[in-house]
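Protein sequence lines, in the order shown, are assigned to chains A and B.
Position 93 of the first sequence, counting from 1, maps to 93 under this note's numbering, and the rest follow consecutively.
Just so we're on the same page, this note's numbering is the position in the second sequence counted from 1, plus 1000.
Read the hints as simulated data drawn from the structure, not as lab findings.
Ideal Cβ positions, reconstructed from N, Cα and C, are used throughout, including at glycine.
Take these hints with a grain of salt, some might be off.
[To be verified] Covered by chain A, according to a simulated footprint, are these stretches of chain B (three or more residues, beta-carbon under 8 Å):
#, stretch
1, 1001-1011
2, 1017-1029
3, 1056-1067
4, 1071-1078
[Stated by the list, open to error] Residues of chain A placed beyond 12 Å of chain B at every Cβ, according to the derived structure:
#, residue
5, G44
6, R74
7, E173
8, Q179
9, R229
10, R257
11, W390
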Amino acid sequence: MSTMVRARPVRAIGVLALAIALWLPCLRFVYRSPPEALRTRAGGLSPLARSLLDRQVALWSASGPPQRELARMRASNPEWDLMSRTFLALALANAALREPARRDALVAVIDRVIDDTLARERAQGQRHFLLRYAGASRFVDPSQRSVFVDGELALMIAARRTLRDDSPRLREELAARAQQIKTQMERGPIGSAESYPDECWTFCNTVALAALRASDVLDRTDHRPLTQRWLSNARRTLVDPATGMLVSSYTLDGRARQGPEGSSIYMAAHGLALVDPAWADDQYRRAKAHLQREWLGFGFAREWPAVSDRASADIDSGPTVPWVGANAGASGLALLGAATFNDDRAYAGLVASLDLAAFPVVEGGTRRYAASNAVGDAVLLYSLVEGPLWNELRARGAR
Amino acid sequence: MKKLFALSSLALTVTWLVLRATGFVRYASVLSGTLPEGETSLATGTDRAVVLLVVHVAFVLLAAPLALSAACLHALEARDRRAAQAKRAARDSGT
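With the hints as extra help, turn the sequences into a complete structure.
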């Protein structure tokens, strides 16, 4: 009897270990959705996209922008304020192309986003959307402007105009931003423009290239020579030798400041998809190989490749989970990469991780993630509906 | 152990439900480096975010296996009891 009593805790622990071993592979059946339930290929919106879209539309209702949401983010990083607006405008444009019946209503929301962003830039300058150190020194370029702000605003306006080109004011605004970006890139020694004083980001420059491409399609301009110059310089000076990925930031004359980062490379690949699809695809494949991981059906992305010696997070990256290296910013933007390059399996794994660890909150038929913020929700929404806008610009550009 | 497992599973589930129902989940925004609603600094919400995360991870990873283990142990003990009874009955009939 005493042997039996002693054996019982051992047996209990063994049963628990076995139950855990059986349960962990089953978690994917609880949290992982089939790819076709997430992103629809042939127009329309998935239920997840619709529930996120409805919340964003409600937030940007006629009463104005969601001040509290944006203020909570701005306390950490004012860049996220502008990025959330850009991703939202792009998401709304794609949703409008997917659901033409909602086009007018969604264009009205995009207009509110653009008007409010322009008003804030006019009132408080571009530094309203930049981290404080933007004011610590002067930009090298005499314009003293940030391509982060000009590029994202240009892309937002181009997306709006792709849906309905009925505003002379927006036509002028896009032409002026495109000219500004062109002038700065032409003056740059390697064809890049600064986001911060003597600090260029591949994220911002590729967004600007996408905006210039959209401007070419909409306004019959031709920025292809400028784009080719950027691409050939980037291939020569901005590629990390260890991974073959684009570095994330560099000086105006092309010296790398920070190597490849998950929070930059996926957006860079997304922007490049409009101007150099083959290289964009190559960059995504490399980013996937060096940064993305999947375990038991749950995907995540690291901020830095394993070969990198970076160990500390910066403000752009957001928090990183210790040991595994899963990073919030990198994983969020990996969704956009996976969506852009039709990597359905990786996409489903990343969304499964969101549902597992980002605390989904469903209220009144709309959805958000408590662990996320306005920019995170906008990136997720954009990744769910992405595709039609780039396709539309490609098709019009080919005519 | 069976009772311990069952009660632990129940406690984790109840704690998780209470945290969700009381709006504690707003502290999860710390995970994206964003101020929780109603807070003025990230630091004040961090402790609560850690509590939320620990309870959530424990609930997701352990609540179901603990309940399953309790059920398995219950079944094993019942089988042991039946075997012991059968053994006793065989011994009694033999004498």
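Verify the coverage statement for the stretch 1071-1078 of chain B against chain A, using a C-beta to C-beta distance below 8 Å and requiring 3 or more qualifying residues.
Our answer is that it holds, as 3 residues pass the Cβ test (under 8 Å) against chain A, meeting three.
If you count the residues of the stretch 1017-1029 of chain B with a beta-carbon closer than 8 Å to a beta-carbon of chain A, do you get 3 or more?
Holds, because 4 residues of the stretch 1017-1029 of chain B bring their Cβ atoms closer than 8 Å to Cβ atoms of chain A.
Outside-interface status for G44(A) - nearest CB in chain B farther than 12 Å
holds, 29 Å
Whether R229(A) stays farther than 12 Å from all C-beta atoms of chain B, as the label says:
holds, 36 Å
Examine the stretch 1056-1067 of chain B: at least three residues should have C-beta closer than 8 Å to a C-beta of chain A.
holds (count 7)
Interface exclusion of R257(A) relative to chain B, criterion Cβ beyond 12 Å:
Check passes; 21 Å lies beyond 12 Å.
Regarding the assertion that Q179(A) does not contact chain B, is the least Cβ-Cβ distance greater than 12 Å?
Per Cβ check, Q179(A) is outside 12 Å of chain B; nearest 35 Å; holds.
Beyond 12 Å from each Cβ of chain B, as asserted for R74(A):
violated, 9 Å
A cut-off of 12 Å on Cβ-Cβ distance, and W390(A) was said to be off the interface with chain B. Does that hold?
W390(A) is indeed farther than 12 Å from all Cβ atoms of chain B, at 27 Å.
Has the stretch 1001-1011 of chain B got at least three residues whose CB is nearer than 8 Å to a CB belonging to chain A?
Coverage by chain A holds for the stretch 1001-1011 of chain B (3 residues, Cβ < 8 Å).
Minimum C-beta separation from E173(A) to chain B exceeding 12 Å: can you confirm that?
Holds, since 30 Å exceeds 12 Å.
Going through the hint list in order, the structure does not satisfy hint 6, though it satisfies all others.
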